[in-house]
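Enquirer: These protein sequences, in sequence, are chains A and B.
Residues in the first sequence are numbered from 1 upward in steps of one, following full-length UniProt numbering.
Residues in the second sequence are numbered from 1 upward in steps of one, following full-length UniProt numbering.
There's no promise every hint is true.
Label pairs and their computed distance ranges (CB to CB) [unchecked claim]: (1) A:E190 / B:Y97: 48 to 54 angstroms; (2) B:E3 / A:S98: 37 to 43 angstroms; (3) A:T115 / B:K44: 32 to 38 angstroms; (4) A:Q102 / B:G184: 41 to 47 angstroms; (5) A:F99 / B:S180: 47 to 53 angstroms; (6) A:F158 / B:E185: 29 to 35 angstroms.
These are calculated hints, taken from the structure and not from any lab test.
Treat the numbers as computed from the prediction; the structure is a model and nothing was measured.
C-beta: ideal position from N, C-alpha, C; glycine also.
2 protein chains.
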Amino acid sequence: MQELVKRIQQDGNVLGDGVLKVDSIINHQVDPLLMKQMGELFAKVFAKRNITKVVTIESSGIAPAIFCALELGVPMIFARKSKSLTMNEELLTSSVYSFTKQVTSTISISRKFLTESDNVLIIDDFLANGQAAKGLIELCQQAGASVEGIGILIEKSFQDGRQLLEDMGIDVVSLARISSLENGEVTFIEADA
Amino acid sequence: MQELVKRIQQDGNVLGDGVLKVDSIINHQVDPLLMKQMGELFAKVFAKRNITKVVTIESSGIAPAIFCALELGVPMIFARKSKSLTMNEELLTSSVYSFTKQVTSTISISRKFLTESDNVLIIDDFLANGQAAKGLIELCQQAGASVEGIGILIEKSFQDGRQLLEDMGIDVVSLARISSLENGEVTFIEADA
Numbered sequence: 001m002q003e004l005v006k007r008i009q010q011d012g013n014v015l016g017d018g019v020l021k022v023d024s025i026i027n028h029q030v031d032p033l034l035m036k037q038m039g040e041l042f043a044k045v046f047a048k049r050n051i052t053k054v055v056t057i058e059s060s061g062i063a064p065a066i067f068c069a070l071e072l073g074v075p076m077i078f079a080r081k082s083k084s085l086t087m088n089e090e091l092l093t094s095s096v097y098s099f100t101k102q103v104t105s106t107i108s109i110s111r112k113f114l115t116e117s118d119n120v121l122i123i124d125d126f127l128a129n130g131q132a133a134k135g136l137i138e139l140c141q142q143a144g145a146s147v148e149g150i151g152i153l154i155e156k157s158f159q160d161g162r163q164l165l166e167d168m169g170i171d172v173v174s175l176a177r178i179s180s181l182e183n184g185e186v187t188f189i190e191a192d193a
Numbered sequence: 001m002q003e004l005v006k007r008i009q010q011d012g013n014v015l016g017d018g019v020l021k022v023d024s025i026i027n028h029q030v031d032p033l034l035m036k037q038m039g040e041l042f043a044k045v046f047a048k049r050n051i052t053k054v055v056t057i058e059s060s061g062i063a064p065a066i067f068c069a070l071e072l073g074v075p076m077i078f079a080r081k082s083k084s085l086t087m088n089e090e091l092l093t094s095s096v097y098s099f100t101k102q103v104t105s106t107i108s109i110s111r112k113f114l115t116e117s118d119n120v121l122i123i124d125d126f127l128a129n130g131q132a133a134k135g136l137i138e139l140c141q142q143a144g145a146s147v148e149g150i151g152i153l154i155e156k157s158f159q160d161g162r163q164l165l166e167d168m169g170i171d172v173v174s175l176a177r178i179s180s181l182e183n184g185e186v187t188f189i190e191a192d193a
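Starting from the given sequences, assemble the full structure and let the hints guide the process.
Expert: See the structure below:
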């Protein structure tokens, strides 16, 4: 997506440890028009997959996911990273290991919101090593739901997340694909949409 | 907002301990059309306040806040409940005490995103004792920004949060106001919009 690539070039910052910081447009301050455009693009790309639920994980996936769900006319579900006081029903749970934080956390969705008749589109802001996406896929699989695809805003193509998901047979659509963050420079390869 | 009241009556559940559960429409599974309607209503109510930023707190405030920000044509900022790896700049921070969890947590916004020239509209899903809203107001005040109002989806009018905010001189606009959750019944009083 040309607009996202342009905005990363304009507003993104590469931190010393190979981290891309996009906190002025995506994951702290958020550009609502950009989110709307990205959410609607995912809806268009997956229009023929009969999506019944859009699933993401709190917090940075929520904005693009809600616009995608609106466009598709289906509910959005955000997986919880910690158990809420009111989550008193049976839960789908999965363990997600964070390489950056070096901790394993449990993510969950209430079982009542995903069934075997659901066709799920997963949306997330970043794809790096694919652990969060894998966790979301496992929640869907526990419910017997079909994962129809994954929409990613920014893919770090120099990490192995995409390969991991494709090896699981999942269609990955990334709006910006970054092949390198070396020397503080963002290098892009052709995106999927 | 009649539509929200109707949906709470239809989809809400009162838990034994006086907690209203709306996880099928607001804070776990999310209805995107309802969120759009609520966000746009806040934008309409605060249209003349020259809002420059919409501020919320992760995670359940993000969906209504992003639609409000889109309608107003301004950025949305979500305060973080935990420090992100990439938050390496100066932060505005505030302590928020949770009566339900009985813990104090620190919320933060990067200082660069709020200045004294900002007019802020705060959006959140619930208002009960007002501690989260008070924390967000403190972040704005540290930046010298003006808090032009607070938009709340569901106010528990039997708790003292609204009074706390009004005593600070803040305009509170709640789309549903609940006067009682006793005996498992949701009783409403007239909402602000």
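Enquirer: Work down the list of hints and note, for each, if the structure agrees.
Expert: Each hint, compared with the structure:
One distance hint, 48 to 54 angstroms for the beta-carbon pair A:E190 and B:Y97, holds here, with the actual separation near 50 angstroms. Taking the beta carbon of each, B:E3 and A:S98 are about 39 angstroms apart, inside 37 to 43 angstroms as hinted. The beta-carbon spacing between A:T115 and B:K44, approximately 37 angstroms, falls within the hinted interval of 32 to 38 angstroms. Evaluation of the 41 to 47 angstroms hint for A:Q102 and B:G184 yields a pass: the beta carbon distance comes to about 45 angstroms.
For A:F99 and B:S180, the Cβ-Cβ distance of about 48 angstroms falls inside the hinted range of 47 to 53 angstroms, so the restraint holds. Restraint check, A:F158 to B:E185: a C-beta distance of roughly 57 angstroms breaks the suggested window 29 to 35 angstroms.
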